[in-house]
Amino acid sequence: MFDSTEHAAELFALRSYGNIYTRIGNPTVSAFEEKLASLEGGLGAVATASGLAAQLIAILTVAENGDHLVASANLYGGTITQFSVTLRRMGIETTFVPGGEVEGVRAAIRPTTRAVFTETIGNPNGNIADLAALAEAAHAAGVPLIVDNTFATPYLCRPIEHGADVVIHSATKFIGGHGTVIGGAIVESGRFPWDAGRHPLIATPSPGYHGMNFAETFGEYAFLMRARAELLRDVGAALSPMNAWLLVQGLETLALRMPEHVANAQAVAEFLQARDEVAWISYAGLPDSPERALAARYLPLGAGAVFTFGLRGGREAGRAFIETLELWSHLANVGDAKSLVIHPASTTHQQLTDDELRTAGIGADTIRLSVGLEDVDDLIWDLERGLAAAARVSAVQA
Amino acid sequence: MILETASERRALLDRSRTVAMVGASPTVTRPSYFVFSYLRTHGKLDVTPINPAATEIDGVRAYPTLAAYAAERGAPDIVDVFRSPNNAPQAARDAIAVGAKAIWFQYGVVNDEAIRLADDAGLDVVVDRCMKVESARFDGGLALYGMNTGVLTAKRRVR
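Protein sequence lines correspond, in order, to chains A and B.
Counting from 1, position 111 in the first sequence corresponds to residue 111 in the working numbering; the numbering is continuous, with no gaps.
Counting from 1, position 88 in the second sequence corresponds to residue 1088 in the working numbering; the numbering is continuous, with no gaps.
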């Protein structure tokens, strides 16, 4: 209980720290937040109900009607739709840059641009962002770099060390680690000059708090305090404490699971690359990958455990492949302890237009794998069965 | 000495008792009021507003100048400065004149001359930090808001 009406009023006015209401903060949730912030090397974190909620809250903390974002075009389909449909309807426009290419990002920044957005490892194709170059391009224009680090986790990459200002997670994935919990988080570095003139939402008096100026009042904590006290409060997408507890269990084994994920992913990618049924494969851990140099720089412990490939025989061969697998689960999640397989064009990226699919590098034949922790020989045994089924379809087509 | 690390700031707060807050405002949305009202109700620091335009804040008597405070109360352990950066050197000279042991420049109060004056006079100096935030870092309040306090503990700090 609050000690007194004065104590309650101090808490609600943000003049005191304490437990107010679980939508704004909760001791179990804050235990998760501080651990994740520590792992990412950030100043602090705000946990949310999902990764998409984290993204929305991070963007609404810096942008409003009339503002603009620059984003890589190689993103999770749900992210592209959030930007191109929902945020656009709210008056926030996004320019998507093919491949997240740095000079394209630099050229797309306008006076109203409030953030540059990318994924460390792009979903679904596993392409790697040049984080330091993107941070430099964004900072040269006075704009922060927001990085979705879901596929890498802080075990494989800590974007803040490469210049990122805000890091987003779908904690549902590798952080939870078992496909049993949904959650998200925003981590911030505390280094970005929000009061330099380009972010009036943070550095001018807020009508949401009787005219309080977050930058002046909370200094380096201004972004995180506004994200929590205004956006989490008003959007309402808070992480449930039970889910926070489950995510903390996940964090405790992250450093044990991630090396197994990437070792299995590397073995599966090498197996597929050597097979005649496989037309192409996009995994930055392979020696001839065009992403190899970026992976070596940003992901020295491994290029993640999610990637795509295509079969000779295209979409029909892919359908036979997926439907034949027994050990691999046909699911839309990634980052589960179990190995997962899906056809993005008809599922995770279904809402994209044909043009958006092309720009995102997703063909009708693209199959996405999320490589889990099973015995790799069992995984390859199952893939061999799928490839045999795909080959039968291709033979009929021919 | 300029205190650069969190543990140095913690030690300063631990060994201090009296704080004179230069520029403390009675306006409830001003940062200085946030810090004053928090420190008044949390922990052991005895905080006093220094503001010629105020007679009291939340029932705590305000003094018009540091000299007026020192004449009655003696030298404060810390002078906490909420002034614009160009007024910081005068605040430093006043703090030195009354024999304060430390001077604390709040967020954005950054002035090289003021820092040098205080450092040369032997005061402990904290720059561009918030006394409320640093207090909350160590008593657990900051952790409740998901901040990375740098304090790893299995013990519950606040309820």
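None of these hints come from the bench; they were simulated from the model.
One or more of the hints may lead you astray.
Said to hold, decoys possible - Simulated coverage check for chain A against chain B, where a stretch passes if three residues somewhere in it have a Cβ under 8 angstroms from a Cβ of chain B: (1) 35-42; (2) 45-55; (3) 69-83; (4) 113-124; (5) 269-281.
Note that CB positions come from ideal geometry on N, CA and C, so glycine has one too.
Could you check the structure against the hints above and give me the numbers of any it violates, in ascending order? Hints 3, 4, 5 not satisfied by this model.
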